[in-house]
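Undergrad: In case you want the letters, here they are:
There are 2 protein chains.
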Amino acid sequence: MWTDRRLLDLLHIEHPIVLSPMAGVADAALAIAVAQAGGLGSIPCGMLDVAQTRAQVDTFRAAAGGKPVNLNFFVHAMPARNNTREHDWREALAPYYRELGVDPAAAMASASRMPFDDAMCALLEEVRPEVVSFHYGLPADALLRRVKAAGCKVLSSATTVAEARWLADNGCDAVIAQGFEAGGHRGMFLSLDTATQVGTFALLPQIVDAVTVPVIAAGGIADARGIVAALALGAAGVQIGTAYLHCPESKVTPPHRAALKEARDDATVLTNVISGRPARGFVNRLIREMGPMSDLAPDFPYAGAAVQPLHAKAQAQGSGEFSGMLAGQAAALGRAVPAQALTHSLVETAQALLRRMAG
Amino acid sequence: MWTDRRLLDLLHIEHPIVLSPMAGVADAALAIAVAQAGGLGSIPCGMLDVAQTRAQVDTFRAAAGGKPVNLNFFVHAMPARNNTREHDWREALAPYYRELGVDPAAAMASASRMPFDDAMCALLEEVRPEVVSFHYGLPADALLRRVKAAGCKVLSSATTVAEARWLADNGCDAVIAQGFEAGGHRGMFLSLDTATQVGTFALLPQIVDAVTVPVIAAGGIADARGIVAALALGAAGVQIGTAYLHCPESKVTPPHRAALKEARDDATVLTNVISGRPARGFVNRLIREMGPMSDLAPDFPYAGAAVQPLHAKAQAQGSGEFSGMLAGQAAALGRAVPAQALTHSLVETAQALLRRMAG
Numbered sequence: 001m002w003t004d005r006r007l008l009d010l011l012h013i014e015h016p017i018v019l020s021p022m023a024g025v026a027d028a029a030l031a032i033a034v035a036q037a038g039g040l041g042s043i044p045c046g047m048l049d050v051a052q053t054r055a056q057v058d059t060f061r062a063a064a065g066g067k068p069v070n071l072n073f074f075v076h077a078m079p080a081r082n083n084t085r086e087h088d089w090r091e092a093l094a095p096y097y098r099e100l101g102v103d104p105a106a107a108m109a110s111a112s113r114m115p116f117d118d119a120m121c122a123l124l125e126e127v128r129p130e131v132v133s134f135h136y137g138l139p140a141d142a143l144l145r146r147v148k149a150a151g152c153k154v155l156s157s158a159t160t161v162a163e164a165r166w167l168a169d170n171g172c173d174a175v176i177a178q179g180f181e182a183g184g185h186r187g188m189f190l191s192l193d194t195a196t197q198v199g200t201f202a203l204l205p206q207i208v209d210a211v212t213v214p215v216i217a218a219g220g221i222a223d224a225r226g227i228v229a230a231l232a233l234g235a236a237g238v239q240i241g242t243a244y245l246h247c248p249e250s251k252v253t254p255p256h257r258a259a260l261k262e263a264r265d266d267a268t269v270l271t272n273v274i275s276g277r278p279a280r281g282f283v284n285r286l287i288r289e290m291g292p293m294s295d296l297a298p299d300f301p302y303a304g305a306a307v308q309p310l311h312a313k314a315q316a317q318g319s320g321e322f323s324g325m326l327a328g329q330a331a332a333l334g335r336a337v338p339a340q341a342l343t344h345s346l347v348e349t350a351q352a353l354l355r356r357m358a359g
Numbered sequence: 001m002w003t004d005r006r007l008l009d010l011l012h013i014e015h016p017i018v019l020s021p022m023a024g025v026a027d028a029a030l031a032i033a034v035a036q037a038g039g040l041g042s043i044p045c046g047m048l049d050v051a052q053t054r055a056q057v058d059t060f061r062a063a064a065g066g067k068p069v070n071l072n073f074f075v076h077a078m079p080a081r082n083n084t085r086e087h088d089w090r091e092a093l094a095p096y097y098r099e100l101g102v103d104p105a106a107a108m109a110s111a112s113r114m115p116f117d118d119a120m121c122a123l124l125e126e127v128r129p130e131v132v133s134f135h136y137g138l139p140a141d142a143l144l145r146r147v148k149a150a151g152c153k154v155l156s157s158a159t160t161v162a163e164a165r166w167l168a169d170n171g172c173d174a175v176i177a178q179g180f181e182a183g184g185h186r187g188m189f190l191s192l193d194t195a196t197q198v199g200t201f202a203l204l205p206q207i208v209d210a211v212t213v214p215v216i217a218a219g220g221i222a223d224a225r226g227i228v229a230a231l232a233l234g235a236a237g238v239q240i241g242t243a244y245l246h247c248p249e250s251k252v253t254p255p256h257r258a259a260l261k262e263a264r265d266d267a268t269v270l271t272n273v274i275s276g277r278p279a280r281g282f283v284n285r286l287i288r289e290m291g292p293m294s295d296l297a298p299d300f301p302y303a304g305a306a307v308q309p310l311h312a313k314a315q316a317q318g319s320g321e322f323s324g325m326l327a328g329q330a331a332a333l334g335r336a337v338p339a340q341a342l343t344h345s346l347v348e349t350a351q352a353l354l355r356r357m358a359g
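Top to bottom, those sequences are chains W and P.
Reading the first sequence from the start, the letters are residues 1 to 359 in the working numbering.
Reading the second sequence from the start, the letters are residues 1 to 359 in the working numbering.
Rather than coming from a laboratory, the hints here were simulated on the basis of the structure.
On a predicted model such as this, the values are computed, not experimentally measured, just so you know.
Beta carbons are placed, not taken as given, at the ideal position from N, Cα and C, and that holds for glycine.
Be careful, since some hints might not be right.
[Stated by the list, open to error] Capping the alpha-carbon separation at 25 Å, the derived lysine to any residue pairs in SDA-like fashion look like this:
no. : chain 1 : residue 1 : chain 2 : residue 2
1   : W       : K153      : W       : K261
2   : W       : K313      : P       : S191
3   : W       : K261      : P       : K261
4   : P       : K261      : W       : W166
[To be verified] Residues from chain P that face chain W, not an exhaustive set, calculated with beta carbons under 10 Å:
no. : residue
5   : T271
6   : D299
7   : H311
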């Protein structure tokens, strides 16, 4: 059915479609549906602890049987706390606390996004997921060796050719080429300069030319046309996120779901005010007034601690104006259909397009 | 040979490849080569006067016989001169004037990029080019009516779905979807906010869905893979610029040619310090130290007047550090082969890829 079988053989999947792991807005439910349709189900674990991660894997396996699962983790280095900067950030946000009637003491003391560590690695050694994907590079050598020794295939995201080469040289079994269009956090780790970030159309073939491992295209792919275009540019498969956020299985808040439904091509920006690292999401009041890029935002993940209570209060009132409503530039191409049906439709429509294009 | 013939029939060309009109770095020589290979040859006229434009058309027609030609113009509204802002801009650049030994009086009194006007329209009525393309929207109704009455097919660039709809509603025969990856000036005209600009992968299918006229994909397309990917996303054809700058027929300066040869995926940024409007080009000292986006830069095209003498002096010394070396994010995919051979190669390789992808 697919002429390029590299990714299918590597990951033991039927179709070259990887569900993007979307921390905070998706869980095993979405992964199960995509896996049942023959894609790779991904569970975002970057905001979960070990027990929660174990429960997600159990849920997936109870429903998806022998289908492979991908567990995704952040691998950022935790920055030293900068009390001055965090204080200044809280001061900058103070008017919103007053306006929304939020107690400043509600600001979270710790961050909700923690890097992959020894305890999580031990869980991997126990549950042995078929695939593990990382964001922001790769974990330290000792941890990575354990992950690979557990039999997990390793993926990570590159936003430049240099990052792709680094990932391939350091043990990735496949590289995700994350174009500028992609929703969510940019996987950038060799540079944090957003001005030179590269669109999928230009990034993908240059990464394909630079590495020998299979390349998975991400960013702007939300329908069958995007899948075929990615294959034309040399991808062995695609990673799709935002299109699946429309599905009933996603865990987006009502304002986020509404934003997806009303999305325009130019509705999103790269912003660091949600977490401290550049991420693409829908423009809302917080981003419009404080960003999109702010020099005040503390380093990832600490910027999020002071924003979280504003998000919680506003969201309880039905507003997404202080939330990180992450999404990519092709959000408007998505449709609110169940994820298994969406996956089947993507496959069938892509196959038909491939046949039609040959004339 | 091509299953989608909409653009071929509209523009009377053999292959769905439009040479991007690149003011200042290309002329009839490149257009002739592309036209002879069956693509649409484009002559950038935005920095030419009427006599120079007439001479370019004569040169093209003497060499390319009955092949259609596309003349390209800027249609920006000239802003009122802002003496304070221009003074501040010159002050900001003064250290470079001193360092390079350039007389401040050398700053140009007027701009080198003028909008399409009555005199140029009269020339079109005389020489009747088969195609006219505009950048920054469309000319005033009275001028546009004369262009269309002269039998010219009209194209213009859209950087958002809203701009594409506006162009289609206002008389464009085809719309160029200019993605974020594209080199040169962004065609944006309904908004100048670069933060929400859209990558080709996401922009193209959304514009295809929004308008009924044929859509030409631009931005990040530099080889056959890009052509096939654009067709998959729904384009009726492609516009290619940077890949042709590598050709011996282009008029790039030696530093610009060297930058193209050494290009990396992340070598360019959007900057307004070259002209006052956002354009994508190679990062150099001027852009690194003054930009990439500067609040000081006077409105387009006046920012360029004070930069021009620095460019001239540095370039005479073999340096591109003060030049607008415009290029897109796929520059590294280009090769220094003659433009006619490049065009033939793009066509043959794209056709082979289309056959191969069908399996």
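Undergrad: Taking the numbered hints from earlier one at a time, note which ones the structure violates and give those numbers from smallest to largest.
TA: Structure breaks hints 1, 2, 3, 6, 7.
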